[in-house]
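All chains should be built: construct the whole structure from the sequences, respecting the hints.
Number of protein chains: 2
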Amino acid sequence: MNMPIRMGLSGMSKVRAHISTSLDGYVAGPSQTMEEPLGVNGEHLHDWLVVLRAWREQAGMQGGEENVSNAVVADEYANVGAEIMGRGKFGPPDRGPWGDDAWQGWWGDDPPFHKPVFVLTHHEREPLRLTDTIFTFVTDGIESALEQARAAAGDKDVFIGGGADAINQYLDADLLDELELHVVPMLLGGGSRLFDRVRPEVSLELLRVVEAPGVTHLKYRVLK
Amino acid sequence: MNMPIRMGLSGMSKVRAHISTSLDGYVAGPSQTMEEPLGVNGEHLHDWLVVLRAWREQAGMQGGEENVSNAVVADEYANVGAEIMGRGKFGPPDRGPWGDDAWQGWWGDDPPFHKPVFVLTHHEREPLRLTDTIFTFVTDGIESALEQARAAAGDKDVFIGGGADAINQYLDADLLDELELHVVPMLLGGGSRLFDRVRPEVSLELLRVVEAPGVTHLKYRVLK
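So the sequence lines, in the order shown, correspond to chains Z and G.
So that you can map any letter, position 114 of the first sequence is 113 in numbering that gives the first Met the number 0, and since no number is skipped, the others follow by simple counting.
So that you can map any letter, position 171 of the second sequence is 170 in numbering that gives the first Met the number 0, and since no number is skipped, the others follow by simple counting.
What the hints contain is simulated information worked out from the structure, not anything from laboratory work.
A couple of the hints might just be wrong.
Within a straight-line C-alpha distance of at most 25 Å, the following computed SDA-like cross-link-like pairs (lysine to any residue) qualify [claimed, not checked]:
no.	chain 1	residue 1	chain 2	residue 2
1	G	LYS13	G	GLU204
2	Z	LYS218	G	LEU206
3	Z	LYS218	G	ILE18
4	G	LYS223	Z	ASP23
5	Z	LYS13	Z	GLN31
6	Z	LYS223	G	GLY188
7	Z	LYS13	Z	GLY188
8	Z	LYS223	G	PRO184
9	G	LYS218	Z	GLY188
10	G	LYS218	Z	GLU179
11	G	LYS13	Z	ALA151
12	Z	LYS218	Z	VAL208
13	G	LYS223	Z	LYS218
14	Z	LYS155	Z	GLY188
15	G	LYS114	G	LEU129
16	G	LYS114	G	MET60
17	Z	LYS114	Z	ASP164
18	Z	LYS155	Z	THR132
19	Z	LYS13	G	LYS114
20	Z	LYS155	Z	ARG86
21	Z	LYS218	G	PRO184
22	Z	LYS13	Z	VAL208
23	G	LYS218	Z	ARG207
24	G	LYS218	Z	ASP164
25	Z	LYS223	G	PRO212
26	Z	LYS218	G	GLU179
27	G	LYS13	Z	ARG207
28	Z	LYS218	G	SER202
29	Z	LYS218	G	ARG207
30	Z	LYS218	G	ALA151
31	Z	LYS114	Z	MET11
32	G	LYS155	G	THR130
Following this line, the structure appears as structure tokens:
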């Protein structure tokens, strides 16, 4: 039934996600708090990333390690026109509704996105502009957020920036085109699980593997 | 405290496990029954394997596909002197205690092991010999089973043959040396989970990746 729409969309930009995961399938550890937004040991999921030249560059820093992960990361950053993120990526869970509009995200006055960001939430709030990042709060569901993000992205791709719950929802709704896992050989033992409550009918196909220091990059295409 | 023992063991054979896992971390699907011992859709975890020449060969059959997975599988079969398996791999969970000694495993009169097999169980039972496979039932824990398997294996390696629970116990007890995951790009949505209840302190290091039709082989060394 979706065929005509899918065919019509075939020339359009992609909806992509990429995320670091532990070997036991968690993208954030247990006991996520204001001080440890990625939970106990969760920040170590990104040890391979934050040392890279490509990551430091987009964060406005110089230097950094040169290894095969740089090309993987540069590829992911390229051609992204808009991001969609879950409520939990924007703010801590104990922050409650947006009533006072005081919370401006984790990232300070100049967030590193530099593009339109759509936040999935149940609480209405006016858009928030911080330098060239505009956060738009979407309360009418993931399809609406994707529609707005596509419009904002133009010819470019839409990036589903996590957390697990946001990616799982788009995967489950058959709205994701590509998923790259950065598999880190550590265990977290609890936390936010990728693929949780995703329909087992969802099927993927490996596009390529990159073996890198401290991480293995597995890029999948979601089969339609 | 384990240092002297570990040093003493350094020249010994390895304890290895390898198992097919879905992308969502299950090595068997939900609702495991007598008819579907690997649960709903669980048998598809082995679609990549059963077509291979290397697998058919060890099962006494001719022909089969030639691809890079053959070398991976041949490598795993090589140099194994004994296997340890969980109670659930030997028989279905609703089979109850071994009182009547009637259950002889899933594999018929000539099981494909052709070596000593140690079954972890809580129910005592006399050893069972079927051609050149001897099943020994071990009721006094995983360390005892490993000791017996090492003795039976001589210079060769000990293979922890699954299911998830057996591998998880050896991993958690720091008794596993190598773990190879055959990652199949499918979701099972439930079932037996690898890494469940394994201490998050357990740390691994990637040894190598092989990208093959329908599966990605990730071989890890467990760090001590």
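Results of checking the hints against the structure:
no., hint, verdict
1, G:LYS13 x G:GLU204, "holds, 16 Å"
2, Z:LYS218 x G:LEU206, "holds, 19 Å"
3, Z:LYS218 x G:ILE18, "holds, 21 Å"
4, G:LYS223 x Z:ASP23, "holds, 19 Å"
5, Z:LYS13 x Z:GLN31, "violated, 31 Å"
6, Z:LYS223 x G:GLY188, "holds, 18 Å"
7, Z:LYS13 x Z:GLY188, "violated, 33 Å"
8, Z:LYS223 x G:PRO184, "holds, 14 Å"
9, G:LYS218 x Z:GLY188, "holds, 20 Å"
10, G:LYS218 x Z:GLU179, "holds, 19 Å"
11, G:LYS13 x Z:ALA151, "violated, 55 Å"
12, Z:LYS218 x Z:VAL208, "holds, 6 Å"
13, G:LYS223 x Z:LYS218, "violated, 30 Å"
14, Z:LYS155 x Z:GLY188, "violated, 37 Å"
15, G:LYS114 x G:LEU129, "holds, 10 Å"
16, G:LYS114 x G:MET60, "holds, 19 Å"
17, Z:LYS114 x Z:ASP164, "holds, 22 Å"
18, Z:LYS155 x Z:THR132, "holds, 16 Å"
19, Z:LYS13 x G:LYS114, "violated, 52 Å"
20, Z:LYS155 x Z:ARG86, "holds, 23 Å"
21, Z:LYS218 x G:PRO184, "holds, 11 Å"
22, Z:LYS13 x Z:VAL208, "holds, 20 Å"
23, G:LYS218 x Z:ARG207, "holds, 17 Å"
24, G:LYS218 x Z:ASP164, "violated, 29 Å"
25, Z:LYS223 x G:PRO212, "holds, 19 Å"
26, Z:LYS218 x G:GLU179, "holds, 19 Å"
27, G:LYS13 x Z:ARG207, "violated, 31 Å"
28, Z:LYS218 x G:SER202, "holds, 23 Å"
29, Z:LYS218 x G:ARG207, "holds, 17 Å"
30, Z:LYS218 x G:ALA151, "violated, 42 Å"
31, Z:LYS114 x Z:MET11, "holds, 19 Å"
32, G:LYS155 x G:THR130, "holds, 21 Å"
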